[in-house]
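Asker: For reference, the chains in residue letters:
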Amino acid sequence: EPEVTQTPSHQVTQMGQEVILRCVPISNHLYFYWYRQILGQKVEFLVSFYNNEISEKSEIFDDQFSVERPDGSNFTLKIRSTKLEDSAMYFCASSVFENTEAFFGQGTRLTVV
Amino acid sequence: KQEVTQIPAALSVPEGENLVLNCSFTDSAIYNLQWFRQDPGKGLTSLLLIQSSQREQTSGRLNASLDKSSGRSTLYIAASQPGDSATYLCAVGYSTLTFGKGTMLLVSP
Numbered sequence: 008e009p010e011v012t013q014t015p016s017h018q019v020t021q022m023g024q025e026v027i028l029r030c031v032p033i034s035n036h037l038y039f040y041w042y043r044q045i046l047g048q049k050v051e052f053l054v055s056f057y058n059n060e061i062s063e064k065s066e067i068f069d070d071q072f073s074v075e076r077p078d079g080s081n082f083t084l085k086i087r088s089t090k091l092e093d094s095a096m097y098f099c100a101s102s103v104f105e106n107t108e109a110f111f112g113q114g115t116r117l118t119v120v
Numbered sequence: 002k003q004e005v006t007q008i009p010a011a012l013s014v015p016e017g018e019n020l021v022l023n024c025s026f027t028d029s030a031i032y033n034l035q036w037f038r039q040d041p042g043k044g045l046t047s048l049l050l051i052q053s054s055q056r057e058q059t060s061g062r063l064n065a066s067l068d069k070s071s072g073r074s075t076l077y078i079a080a081s082q083p084g085d086s087a088t089y090l091c092a093v094g095y096s097t098l099t100f101g102k103g104t105m106l107l108v109s110p
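Line order of the protein sequences matches chains A and B.
Mind the numbering: the first sequence is residues 8 to 120 in this note's numbering, read in order.
Mind the numbering: the second sequence is residues 2 to 110 in this note's numbering, read in order.
Hints listed in this document are in silico derivations from the structure and should not be mistaken for laboratory results.
In this text, all values refer to a predicted model and were calculated from it rather than measured experimentally.
A few of these clues could be false.
[Said to hold, decoys possible] Listed next, with one range per pair, are the computed distances between beta-carbon atoms:
(1) A:Pro9 to B:Pro9: 31 to 37 Å
(2) B:Arg56 to A:Pro15: 39 to 45 Å
(3) B:Ser109 to A:Ser34: 39 to 45 Å
(4) A:Arg76 to B:Gln82: 36 to 42 Å
(5) B:Pro110 to A:Glu75: 45 to 51 Å
(6) A:Gln24 to B:Gly61: 17 to 23 Å
(7) B:Ser70 to A:Arg87: 43 to 49 Å
Positions of the beta carbon are idealized from the N, C-alpha and C atoms, including for glycine.
Using the sequences and the accompanying hints, generate a full structural model.
Answerer: If you want it as structure tokens, here you go:
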């Protein structure tokens, strides 16, 4: 069964460093998303991406964040200068169309020290 | 701004019981409602999607209903099993999803 895959599963980084989280969405899906979940809190929307551009972003997604689809399969989230409060589980998701079922990856746990 | 609330926050039942998880949302102009399962430290597994024109969806022992006018959805789990132990999340939206905090379910043998 097709699935969304994310790498790495866990990343530890020092404050101020850049990190890139990687995702391979399901192959025939057109819409891609990043969400995050701080420990003990709700899952929060960060950004959606369609047709090689951002379609929507939340207040959380500030200038420190960027997304890219560098090739036909990968979808990445970059955090330029990590802060302690960026520590969270980051989930990638994809859907065929924007109002259809969203499928999530297993997440990347980012720990900023 | 859409707010999603899930009650109860935690639920413990013996194996075999039927149970209901509740989800409420503040803005009834939703398009979709999706139920997910999350195991500790893991990703989100989609269980059911109810589109705005539908009132319920069923998958195996799971049945989800949607009442947009009252801003509520319920997830019914029949004949619960220890393997059902997980956190169940409700999310609403059109493209982007707004999540509740979840109900942590423990089914004991």
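Asker: Enumerate the violated hints, using their earlier numbering and listing them in ascending order.
Answerer: Hint check: 6 fails alone, others pass.
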